[in-house]
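Each chain, written out:
Protein chains: 2
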Amino acid sequence: MKLRYCINYLLTISQHEVFQTFFSRLSPYGITPGQYGVLSCLWKNGPTTPKEIARALRLENSTVSGILDRMQKQDLIDRVVDPNNRRSILVIATPSAMAIKDDVLKVVDELNAEILQDFTPQEKDALMESLRRIGRIDEEE
Amino acid sequence: MKLRYCINYLLTISQHEVFQTFFSRLSPYGITPGQYGVLSCLWKNGPTTPKEIARALRLENSTVSGILDRMQKQDLIDRVVDPNNRRSILVIATPSAMAIKDDVLKVVDELNAEILQDFTPQEKDALMESLRRIGRIDEEE
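Chains as they are written, first to last, in the working numbering: chain W, 151 to 291; chain Y, 151 to 291.
Chain W with its partners taken away, still in its complex shape (with noise of 0.2 Å):
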């Protein structure tokens, strides 16, 4: 089999061409891609726990566990004892944080606008459609 036909190829190649555009047009906003997940949780669902955050990113809660002390350093989260159930915490999104939204909600409208633009609205429906049909992802996200 060529390289061009084997799946996991193609998806790493394509992943780290996007990834790689995210990571330095987001940079400018002191966040990588990553951190972009999270805030979007937190903007769109508001103080939200780190079980729900690890679950939306498909990542290890321990993984989470260290994206959020790296942004809670940079000031960009917080954690706060969630006030109806004592023994739960909850993730919210600081002032700085709320401050780049805006801005960070349209460069990356922008970058997937830029991104598939040589794409007519079918094939963009059918590209999502077929990598949420691969990854698994359900209606909620």
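Treat the hints loosely; a few may be bogus.
Chain copies aren't distinguished; within one or between two, either way the pair holds.
With a straight-line cut-off of 35 Å between C-alpha atoms, the simulated DSBU-like cross-links for lysine-lysine are [said to hold, decoys possible]:
no., residue 1, residue 2
1, Lys223, Lys274
2, Lys194, Lys223
3, Lys194, Lys251
4, Lys194, Lys274
5, Lys256, Lys274
6, Lys256, Lys223
7, Lys256, Lys152
Since the hints were derived computationally from the structure, they do not count as laboratory data.
Keeping the supplied structure of chain W fixed, place chain Y upon it in accordance with the hints.
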């Protein structure tokens, strides 16, 4: 934007899912998906320069050098002087790498078929072509 409409999120999640499957299913042969990429070049093209391998796998020369060091220790590849150009190094597959070739190629074929088993031939072609466009993967690979 919901994460499910973000191309970086979709590629990252689906790549991770497929990579993990390749990783586990190749491990009985003592190789990683990246090492399969290298072997695939050697099995297809015979002796190959490290630079050509880097180009095919879209890796930095220094990254390929590290991968090759490890593969050489594992007796999967060897580095030889190019008989036609004494200043150039060629990477060759060792007899141990040749010994696993048929089994590995069979597993990779099976994995591709399994991962895309719910896709029609048209959906499969469209997905692969879209990923090639995003990854700028040319005819040669």
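Query raised in the report: Looking back at the numbered hints, which does the structure fail to meet, lowest number first?
Result: Violated hint (a single one): 1; every other hint is consistent with the structure.
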